[in-house]
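Here is what each chain is made of, one letter per residue.
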Amino acid sequence: DTEVTQTPKHLVMGMTNKKSLKCEQHMGHRAMYWYKQKAKKPPELMFVYSYEKLSINESVPSRFSPECPNSSLLNLHLHALQPEDSALYLCASSPKSDRTSWNEQFFGPGTRLTVL
Amino acid sequence: GQQVMQIPQYQHVQEGEDFTTYCNSSTTLSNIQWYKQRPGGHPVFLIQLVKSGEVKKQKRLTFQFGEAKKNSSLHITATQTTDVGTYFCAGQDTGRRALTFGSGTRLQVQP
Numbered sequence: 001d002t003e004v005t006q007t008p009k010h011l012v013m014g015m016t017n018k019k020s021l022k023c024e025q026h027m028g029h030r031a032m033y034w035y036k037q038k039a040k041k042p043p044e045l046m047f048v049y050s051y052e053k054l055s056i057n058e059s060v061p062s063r064f065s066p067e068c069p070n071s072s073l074l075n076l077h078l079h080a081l082q083p084e085d086s087a088l089y090l091c092a093s094s095p096k097s098d099r100t101s102w103n104e105q106f107f108g109p110g111t112r113l114t115v116l
Numbered sequence: 001g002q003q004v005m006q007i008p009q010y011q012h013v014q015e016g017e018d019f020t021t022y023c024n025s026s027t028t029l030s031n032i033q034w035y036k037q038r039p040g041g042h043p044v045f046l047i048q049l050v051k052s053g054e055v056k057k058q059k060r061l062t063f064q065f066g067e068a069k070k071n072s073s074l075h076i077t078a079t080q081t082t083d084v085g086t087y088f089c090a091g092q093d094t095g096r097r098a099l100t101f102g103s104g105t106r107l108q109v110q111p
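Those sequence lines, one after another, are chains A and B. Using this note's numbering, the letters of the first sequence map in sequence onto residues 1 to 116. Using this note's numbering, the letters of the second sequence map in sequence onto residues 1 to 111.
These aren't lab readings, by the way, just hints derived from the structure by calculation. One or more hints might be untrue.
[What the hints assert, rightly or not] Over the 10 Å line for every Cβ pair with chain B, so calculated as not near, a few chain A residues:
#, residue
1, THR7
2, HIS10
3, VAL12
4, THR16
5, GLU24
6, HIS26
7, MET27
8, HIS29
9, PRO61
10, SER62
11, PHE64
12, SER65
13, HIS77
14, LEU78
[Unchecked claim] DSS-like cross-link-like pairs, simulated, lysine-lysine; straight-line CA separation at most 27 Å:
#, chain 1, residue 1, chain 2, residue 2
15, A, LYS38, B, LYS36
16, B, LYS70, B, LYS57
17, A, LYS40, B, LYS70
18, A, LYS41, B, LYS70
19, A, LYS40, B, LYS36
20, B, LYS70, A, LYS38
21, A, LYS41, B, LYS36
22, A, LYS9, B, LYS36
23, A, LYS22, B, LYS36
Think of the CB as a built atom: it goes at the ideal place given N, C-alpha and C, for glycine as much as any other residue.
Next comes chain A alone, as it looks inside the complex (with noise of 0.2 Å):
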């Protein structure tokens, strides 16, 4: 299995709402990653995981929160989004991620959301 799996694939949710995007890899990959991407952007890194330690927080608001279950599983938990929240949010892996160099991402399709 040489692929990254996002769901959901398109998410609607009011500004009250809570809900949760899912990603998922049998690669092995030790390093897993959130990305948000706006439309026209490059995408914009927020959080990096490393052997199931949070690495990486870019600063991003508390309403975002991300979950590491195991190795394989990287979730970001969403509360009380505001309409500027609405991007592409891309989940990637890579292996093996070390103190030097951080090797190639595999990007996964990506979850669609739109905050009303």
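Please arrange chain B on chain A, whose structure you already have, making use of the hints.
Okay, now just chain B, sitting in the frame of chain A:
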């Protein structure tokens, strides 16, 4: 903070013409990666460059990493309609572990 810029933002070429996108970092990079994102799709890894002055080729694609490790380029020879998409460079700053994506170059190929 680290900034990675790409030029041009957009290029429209006739099929068969060549295409080049340039990537410039405000800081020295330990490595640079290139990704392609088709319209409606997700980024797909193309290549990683690590060494100063490195040149790598993949069929019609040629990638270069600058001597100072602050810039890179992607050149496509004889474009095809399948080359349509946005090309992103992504650099790792020597002082940080995070990858920073460049602003991207959107390529449109006219058949």
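Results of checking the hints against the structure:
1. THR7: Holds, since 14 Å exceeds 10 Å.
2. HIS10: holds, 13 Å
3. VAL12: holds, 18 Å
4. THR16: About 30 Å separates THR16/A from the closest Cβ of chain B, which puts it past 10 Å; holds.
5. GLU24: holds, 15 Å
6. HIS26: Since the minimum Cβ distance to chain B is about 18 Å, HIS26/A lies beyond 10 Å and the statement holds.
7. MET27: Nearest chain B Cβ is 13 Å from MET27/A, so the label holds.
8. HIS29: Fine: 13 Å to the nearest Cβ keeps HIS29/A off the interface.
9. PRO61: holds, 18 Å
10. SER62: holds, 20 Å
11. PHE64: holds, 16 Å
12. SER65: holds, 19 Å
13. HIS77: holds, 22 Å
14. LEU78: holds, 20 Å
15. LYS38/A x LYS36/B: The hint holds at about 16 Å.
16. LYS70/B x LYS57/B: holds, 20 Å
17. LYS40/A x LYS70/B: Cα-Cα ~24 Å, so holds.
18. LYS41/A x LYS70/B: holds, 21 Å
19. LYS40/A x LYS36/B: holds, 13 Å
20. LYS70/B x LYS38/A: Holds, at about 26 Å.
21. LYS41/A x LYS36/B: Distance ~13 Å between LYS41/A and LYS36/B Cα, so the pair holds.
22. LYS9/A x LYS36/B: Holds, at about 20 Å.
23. LYS22/A x LYS36/B: holds, 24 Å
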